[in-house]
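As they're listed, the protein sequences go chains A, B and C.
Residues in the first sequence are numbered from 1 upward in steps of one, following the working numbering.
Residues in the second sequence are numbered from 1 upward in steps of one, following the working numbering.
Residues in the third sequence are numbered from 1 upward in steps of one, following the working numbering.
Just so you know, the hints here were simulated from the structure itself, not pulled from any lab data.
These figures come from a predicted structure and were not determined experimentally.
Hints may contain errors.
Cut-off 25 Å, straight-line C-alpha distance, at most; resulting in silico cross-link-like pairs (SDA-like, lysine to any residue) [said to hold, decoys possible]:
no. : chain 1 : residue 1 : chain 2 : residue 2
1   : B       : K202      : C       : D320
2   : C       : K52       : B       : I3
3   : C       : K238      : A       : D16
4   : A       : K315      : C       : A443
5   : A       : K64       : C       : E373
Some chain B residues close to chain C (C-beta under 10 Å, calculated; not the full set) [what the hints assert, rightly or not]:
no. : residue
6   : L16
7   : Y117
8   : G119
9   : T122
10  : A124
11  : V128
12  : N130
13  : T133
14  : P137
15  : K168
Note that the Cβ used here is the ideal one computed from N, Cα and C, for glycine as well.
So the chains spell out like this:
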Amino acid sequence: MNNIVVSSSPHLRTTDNLKRVMYDVVIALLPAAVISAVFFGPHALMLMIIAVATAVLTEALCLKIAGKSNIRQTALDGSAVVAGLLLAFNLPPTAPWWTAVIGSLVAIAIAKHTFGGLGYNLFNPALVGRVFLLISFPVQMTYWTLPTFWQTDAVAAATPLGALKTDGLEAAQAFTTQGNFLGTIPGCLGEVSAVALLVGAAYLLIRKVITWEIPVCFIGTLAVFTGIFYLVDPGKYADPLFHIVSGGVMLGALFMATDMVTSPLTRKGQIIFGIGCGLITGIIRLFGGYPEGVAFAILLMNAAVPLIDRHTEVKKFGV
Amino acid sequence: MNIILVTSISLGTIALIAGLVLFVASKKFAVLENPLIDEVEEMLPGANCGGCGLAGCRAFAEAIVNNKDTSLNCPAADKDTMNDIAEKLGLQISGGARMVARVNCQGGHNSIREGDYLGIKTCAAAVVSNNVTLVCPHGCMGYGDCQRACPFDAIRIINDIAVIDENKCVGCRVCVKTCPRSLIEMTPYDTRVYVACNSPDKGPQVKKYCSVGCIGCKLCDKACEFDAIAYKPFLAAVKPDNCTECLECVRKCPAKTILFRGDDAMAVKPAASDRAETVNV
Amino acid sequence: MKLFTFKRGGVHPPENKSLSEHKPVKSPELPNRIAINLNQHLGKPARPLVKKKQEIFVGERIGEADGFISAHVHSSVAGIVTKVEPAMTAVGILADTVFIDVDKEKTAEELAAFYQQTPADFTQMTTQELVEKIKDCGIVGMGGATFPANVKLSPPPDKKIDTILINGAECEPYLTADHQLMLEQPDALLNGLMIIQQILGVQNTWIGIETNKPDAIQLLQQKTDTGRFPGIQIAPLKTKYPQGGEKQLIAAVTGREVPSGKLPFEVGCLVQNTGTAVAVYEAVCLNKPLIDRIVTITGFVNSPGNYRLPVGATFRQVIDDCAGGFRDESRVKTVINGGPMMGKNVRNLDVAVMKGTSGILVLSDTEFHYEDEGPCIRCGRCVDGCPMGLMPTKLAIGAEYNRPEDLDTVMDCIECGTCSYVCPTRRQLVHWIRLGKPIFRNASGS
């Protein structure tokens, strides 16, 4: 008989593992990826592939530099794929191919591996990549086109939020909620269709990869915040529904804010985190210089996570 | 032009005021400290090993300068350094014979293991969950807690056993405190004969699990002409004061448990492969 | 039917009970030689009372309780002592062990004698006598923690016990020993409870049984409905791990939370295992010491089932003789004393069945996978799952990096294994927390 194993209890482990969690996220992102490829055409598809490939390669390189073993397995555990795909979702449809490369590089090498790799990063890697690109290449990052079926030559257009910021409410109202929902309005690759994102998030909720606290609190707070202003002056402020379905709220609240590594551990903390994200997004959209504030809101709240964690510890049994 | 003038004047004023505040603060709240403390600290090895019993080198320097405590000794510093410090402070520091850590076990691959341990690869973790695979209840498990704890890189795990490079060892006792089985002991550097076993079990018991363990046969005691063997029940030990290094006990020991570390044997150079393996545990 | 359950956390590991479920308890043939460990209980090991070559009879006291929290150990066979020396036990520590060559005929005769006598009438005995008998017979908690029963049944006089809870939850996957015990010895169980009620002067007993054992619930309900056992009620429990944890059971049935760091009598409760209740009955009425117990042998063996094994039979022997050996020896990965969630796997098969051995579980390479741990991805599943309301990942990191200030709640961990079970990156959370306990104790100076 071979040597039998001695180890610490428990000797049974769940069949769920990191890879499954991460590829569940990839599966959940697929509907949105398909829709953006359909609407924005081959270039969008190429951006997604480039971003994912760069992310995985960068991950492998960083692991090699860090002297880790099992590089192939760790790089393909899905976390880099998710980061790359989310980064691509944050690019405008006409973004040059090199923005996807630079964004993924920054996301994986700087936002993730300088902190120690998976599990140790303070900020959501894809969002750091996006913000880095937005600040470094503002022109390329804010050139929007109108989604048409499998488009090959793009028609320039403004996003609903951009229109709201620069041209005022009336221009923004030209976009129907329905269009926002289905994805027939200009925007980032992943932002166009709220329906596709909701379908993906429902899958994640069923698979218990994400919890309801962050998305509900995020979107709820944003609705309440913008709703108050809408009620005060409907002539100046857009209605809450417009705010919820336009821009990156759905993508951010459902997929970026819910990133396990950069969100609080406890349910109570997740509620605070969601509320904070919603509030900051609202403030930036209504009063800030940028038309969109989701990325900044989530990054700011990421920074607050250690603090939230410290003050929202669960109450232990028997006290 | 005007703008430049205004900004430079206003910023200059702010800088001036801030500088003044800092200057006043540094004078007013300055903590008077004996400059000797800094100097002594500078001379110390700076490993903060805690071997002196105090919390690091700074604490040692403070204690020796402020209290003139001559009983203090930095185990990590060599004799010259301690003499220099003593000279600087006008003290007489006794110091003792140089002590080094020795592992009272040479089991490793000579000792039987049962089962494969999977889990957190540290000795403390194996002990706390009763997952020790080494059958000998007293021997070195070889997961390298001492190696990781040693501030002077003097310990290597070779063939699943801790081996101490006595030339690198400064006697800080960190490993002694770390070993969950308490089988590392401080012994005088100059006594090169020692019993590399920690098992007080009876002979037949020891033979079941280890081929190089002390079986308590007392042959060494009988062989020694200088009364240098202390015999605890079923486990021999060398009395450093009496040992003349005649090596009669080393020759007589049937299990080759008593070791003589000659000068050339002390420098332990693990093979490259061993090193990589043991560092990554 | 009202279902009881604890509120916080919990998991649903695959139960795998069907392997040995409803298999009647079999008594295997006696082994030729047995090894009885003298640390069969929590607390100080017993002192050996026998010498080499001494002839002993069934139920002879071979180990004397040493100190207040300790228990006597009795011989499970008749025969001759071959040696008394330290040996590895099924819980992974060394202990003095009495090795006995078995006289099979004599053993069988003497064992049968216990059951041939008329049971004594416990209602005529005083509390003192009852506790004394339980102590003399070396009864310990048989759920796994093996706390001496007589100590538990003598709570400090200022603590009033008003509820007795009997743990028939058997929430550990694979194990069916308690289930089968409830089905086969309901009268002994209920009489044992009457004895415990009499000792404590309490008429309020709940038997907690998980709903995955509907036949046991039904049978005991029928028995208690006859009115012969006043004060005893059945509490059907939701099937959820760790429903049978002492503190979880109390919370589930009574709604009371045992304060942190305190024992159940602080909230007026006393918890005993079903096996213990039966052992109490046999001790008091039949004068039979705790020398055998029902053990589930299951997993990767040819005939999994429930067996009445003498304390001291070695794992190798019972696996070969009772369970028909391993299904494929080369694929056996680990052998566990107890259940898969809290049991301890043994490093060789020469260790012996103990009073606390509720199961012997053999896992093959298909069920048992060891994977190296990854980094914490902060998914929070351990926090959601912890039945004690702790933050396992924080405690584990505190232990890993030696930070006592992060370990303030570490002593509340009951090591149920829920956190390690759910962790998607296979962190050794329970193991780290176990390491954290001494770190915290040393740092807090207690």
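Hints that the structure is at odds with (numbers, increasing) | Result: hints 1, 2, 6, 15 break, sorted rising.
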